[in-house]
Amino acid sequence: MNYNDIRKLVKLVESSHIEELEIGEEGFQVRVTKTRPGNVMPFQPPVQMLQSPAPAVPPVLPTTPAPGKPDESAPALPENLIEVKSPMVGTFYHASAPDAPPFVKEGDTVKNGQVLCIIEAMKLMNEIEAEVPGRIVKILVENAHPVEFGQPLFLIEKA
Amino acid sequence: MNEPLSSRRITELLQTRRVGHPLILLDSVDSTNRHLRDLARRGAAPGTVVVAEHQTGGLGRRGRTWHSPRSLGLWFSVLLEAEDRQLLSLMAGVAVVLGLRVYPGADLSLRWPNDVYAGSRKIAGILCQTHSVHPAVILGIGVNVNQGPADFDSSLLGKATSLRILKGEPCDRERLLVRFFMEIEAQYDRFLEGDREGMLMQYIRFSDFMDHPVRLRLENKIVTGRVVGLHAKGDLLIESPSGRRERYAEGEIIEVMDVTRG
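Just so you know, the sequences run in chain order A and B.
For the first sequence, the residue numbers in our numbering are 1 to 159.
For the second sequence, the residue numbers in our numbering are 1001 to 1262.
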């Protein structure tokens, strides 16, 4: 994205009903916000450039304080346990429909390729499959709750 | 009238390089999405399209079904590959609106994320699917083409419409199908070149909900608020009556209300 693209974005927002538009690429994000007369808002530059991608949803406080280097302090999983992580930001569904039985329950054994859950973003249904055979030790997310990129969804004990 | 699609005629009309190559035309299938998913697992290439005259279990969002009567609509699925997969879901909506615009006069609009409306009635629906272990994305598209009022399920009365109802005469399904392929390919090419902004701007232009109060159906509740923007990833930005702003990546707008504030 270059200067001209950013000017086009600002014009688009100015000439429309859109109040806020964010366009992001790897390591680069632009947000254009329109302040309306009579609507008192704290000062915000019309175009804001960040060197790193902004968090995808309003930041949530970590449940445990992250000391120094979180990667090193995170407890390593036993070798026979693997985490199934979310490949995208979206909503976690444990079943194919609100009234359908869940794909898997804790304690179930699963085959390689078996569907474990669906993550939805904008009517894109991403079926998350088991990549190893094993047993579901723990389901880490509640049905219909939002999940982040890379968030662990299941703990599987490898067969 | 209500003739089955001719694969020969479609091939003659086809001008795309990728979308529709190969083209698999089925008489009846449970769901074109499911069929194409199985083909993708067995190595089908991006561009592969599955079209069916009739779907016995056309998929809607969250377990709902898509009513797909024989030879009256276009029920098809397109296999693509891309990063930023969820934006393909919005892109498919833009392509369908552009394809339907060959019939002028329909008051077409997009309702987040990708329902296509003609006035206050739905004319096309899109459900995209992908899998954690495959890079492919399947765009499942259903377009009501030649249904008359009596061809709709009673549950859809007053909610759905077709091109034939809008135009007053039947439409050429083969020509329309090929038109959709062209629009999907053009959007996909731009997408692969990295032009997300152009697609989003077009999406916004076709949308009917920006700055309007809406009702958004989520899994367990309905959220009401005013749409104040769209995120670059396609998420909806909604301001609640109390002034709180939230981003939504799931659900669907089920009602767009008139702006009566001020």
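Since the hints were made in silico from the structure, they are not lab data.
Treat the hints loosely; a few may be bogus.
Said to hold, decoys possible - For the chain B half of the interface with chain A, some residues (derived, Cβ under 8 Å), not all of them:
hint: 1; residue: A1082
hint: 2; residue: R1085
hint: 3; residue: Q1129
hint: 4; residue: S1132
hint: 5; residue: N1220
hint: 6; residue: I1222
hint: 7; residue: T1224
Stated by the list, open to error - Derived coverage of chain B by chain A (criterion: at least 3 residues anywhere in the stretch with Cβ under 8 Å from a Cβ of chain A; other residues may be distant):
hint: 8; region: 1014 to 1026
hint: 9; region: 1067 to 1074
hint: 10; region: 1143 to 1150
hint: 11; region: 1181 to 1188
On a predicted model such as this, the values are computed, not experimentally measured, just so you know.
Beta carbons are placed, not taken as given, at the ideal position from N, Cα and C, and that holds for glycine.
Hint by hint, here is what the structure shows:
For B/A1082, the interface hint is violated, since its Cβ never comes within 8 Å of a Cβ in chain A; the closest pair sits about 11 Å apart. Proximity of B/R1085 to chain A holds as hinted, the smallest CB-CB distance being about 6 Å (cut-off 8 Å). Interface hint at B/Q1129: satisfied, since its Cβ lies 5 Å from the closest Cβ of chain A, which is below the 8 Å cut-off. Because the closest C-beta pair between B/S1132 and chain A is about 5 Å apart, less than 8 Å, the hint holds.
At a threshold of 8 Å, the smallest CB-CB gap from B/N1220 to chain A is about 6 Å, leaving the interface hint in force. With a least beta-carbon distance of about 13 Å to chain A, the hint placing B/I1222 at the interface is violated under the 8 Å criterion. With its C-beta approaching chain A no nearer than about 18 Å, B/T1224 sits outside the 8 Å limit, and its interface hint is violated. With a cut-off of 8 Å between beta carbons, the region 1014 to 1026 of chain B has 0 residues touching chain A; three or more are needed, and the interface restraint is violated.
Coverage of a stretch by a chain is defined here by at least three residues with a beta carbon nearer than 8 Å to that chain's beta carbons; for the region 1067 to 1074 of chain B and chain A the count is 0, and the condition is violated. Only residues whose beta carbon comes within less than 8 Å of a beta carbon in chain A count, and the region 1143 to 1150 of chain B has 0; fewer than three means the coverage is violated. Given as covered by chain A, the region 1181 to 1188 of chain B fails the check, having 0 residues with a CB less than 8 Å from a CB of that chain where 3 are the minimum.
In this structure, the hints that do not hold are numbers 1, 6, 7, 8, 9, 10 and 11, in rising order.
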